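Visitor: Listed below, chain by chain, are the residues.
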Amino acid sequence: MIVASNYLDFSVNLQLIVGGLALGSIYAIVALGFVLVYKSTDVLNLAHGEFLMLGAYFSVTILVTQQLNFFLGLVIVLAVMAGFGLFIHYGIMRRMVGQSFFAIVLATIGIATIIRAVLLIFYGPAERGRMKVLPQGNFRLSGANIKYVDIIVFLVVALCVLLFFVFFKYTRLGLHIRAVADDLEASAAMGIDPDRVYAMTWATALAMAGLGGLLFGHVTAAIDQNLAAIGLRAFPAAVIGGLSSLGGAIIGGLIVGVIEQLAGGHIGTKWREPVAFGVLFLVLLVRPTGIWGRKDLERV
Amino acid sequence: MTGTLAPDAGPPRMTLKQLARHKMTPFAIAIVTPFLLGSIELGFRWQPYAAVVILVVVARLAWTSTPSGEQSYRQDMALWRLPSERSWAAVTVFALLTLPFMFASGFDPPMDFPWATWFTITNTILIFAMGAAAFNLLVGYTGQISLAHVAFLVLGSITGATVGIQWSGTFWLAVPAAGIAGAIIGGIVGLPALRLRGLYLLLATLGVHFVMLLAWREYLLRNFGFVGIRFDKPTIPSWLHWLPFINPDENGEFLINSQFRWYWVIMPITVVTLLFMVNVIRTREGRAFAAVRERDVSASLLGVNVARSKLLAFALSSAIVSMSGAMGSYYLGARGEDSFNINLVLNYAVIIVVGGFSSIQGAIFGSVFFWALPEWFKWAREEVWIIKDIDFLSDHPSEIDLAIKGILVVIILVYKPEGLTGVWKDVKSIPSRLSGRREL
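Just so you know, the protein sequences line up as chains A and B, in that order.
Be aware that the first sequence starts at 1253, since it is given in this note's numbering, and climbs by one per residue.
Be aware that the second sequence starts at 73, since it is given in this note's numbering, and climbs by one per residue.
All the pointers check out, no bait thrown in.
To give a feel for the contact side, a few chain A residues facing chain B, derived at Cβ under 10 Å: (1) Met1348; (2) Val1491; (3) Ala1528.
No wet-lab data here; the hints were simulated from the structure.
None of these values were measured; they are calculated from a predicted model.
Quick reminder that beta carbons are idealized off the backbone N, C-alpha and C, glycines included.
Let the sequences and hints guide you as you build the complete structure.
Guide: See the structure below:
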């Protein structure tokens, strides 16, 4: 983190913005998984940061310890996380349908606690350095040091987001997920099995968290239990975009990443979260359901 | 007056079976407890007196009630309406009064069950119960989902340190000051609740949490440096030294420096605040809170001032949480940069949901669950046969505790959504179920 004396120095700002876009694209993919679950299953998933941490640790095992091929490893990580998502749905969430909103939120906190404990048991509390599987090093662009990793992370996320949008737009399952998210009863009446759709939603969301973990493992300073905090830091991203909008989550993620990086670079690292939440607060004051969120009607 | 009326038959007598159903459980416990206590070697002979006292208290509470069916205003307003409730209250009072003596007795239970450590845990449970109950009043009872809980613990600590240390006030000034600061800031933090609800409110209050943590770090750095704040032990003011049991030391001070003395500070404060909250729930404002939780639009149509109710709930809850924060800081004696984090918020949330959502009782059950359970596990790991031979458990003590806690949270939420309060209700209704009737 560089602290700039000059707020308008182009190269410094460029460097911060590129770093912010890399961080923001990870926020975006976290927020996307989070919004997906919230939108279609009405569960506020506070364990999403822990899912991402699980993905990061798991990709350390697969890619660093076992030294598997990157793409093979990526597929394995995504598949295992998706399987875990199925377990979350069939094992826990399905049994909690009909309970109060906050109780289900708490159940996700319980899951988060279990994940933390299991990771501590198997990996220990010691922190590991960041992963170095993707190409390291940097190049100079008009006076700014740009890291290859940042560019790759941004591109990978862009590609994945594109794939997810194709999935939602053109596949049958994607259509079902969108239908259930839009109107549960109507889609059930049309012969869509909500149970299966919920399971698939969880699987997709956790696969996204796995990908996010793999990428975040390359950007973060160290891989340890604090990694899960990204789940909370991606909240503003999800909400600024509007919780009912998948596209909003991505743009919100990028906005928050850049804002955090600029605030961290120019004011100080400890201001990152307060500034992000300050922006969130302002957005909520003007538009209580986010920028692209759908306004809910209140009926008595 | 005219004599044509039949003479007043008085309240109908209960049958023996009804008596057994309504009164026997607490009564049996009341009888058994002194004997249990008596069987423990306590070193001084207060058990016979205690037995007599509790018999009298319980008998008085249980037997002077009018049977159901006859309702008076006075009865409606009573805090504990049913005889069974009253006997349970008596048992609780008895337990609260005798606990410190039991812990201080130096009793050594079999299998090295840690006895004195439970004193620390009991005090912590009481502090947490106070904070959790206030949190529950806001989140569970008024339905304003807020994560700014730890922010107010921080505020309480800041106010406590400012008043108690920098302005060289005392503990007795610092705690009410924290309450006032909490009420004011709580009212301000509650403002977004007028516009946001549910998830969006949750996130706005999460922002308050992060801002308050930043303020805490800045406050620490500016005024106390990296080492953190050290709180002095509170003393009893000298003009109160004439009270019984207050024996000042050679410096003419009476320091609250042992778990035993802390208990007599914390317990009354917690009990009074809990009773206060129970009573708030029963007032017009409290019913307005519940109406706002159920549906604020309907509540406003019924004449509830929704804005006022929400702000009041925020201010009230925050004031009590700040007080518990100041008290907790003084109790622990030191607070550093890492004393507060987001996990603490989640822990409080776990406490209120595991204990029982929207009930003051639940906060107590939840705190006991949260603090007593790890200690129980620790003991089981070290002393209980078979369990202590499993190397895996002793290799990863804190991780296993964390995992068990998480698993229990999920299990309780999946199978018993009412939390431990629901379990407690089931346990209480066992006698009536055994006698073949369902309690109404």
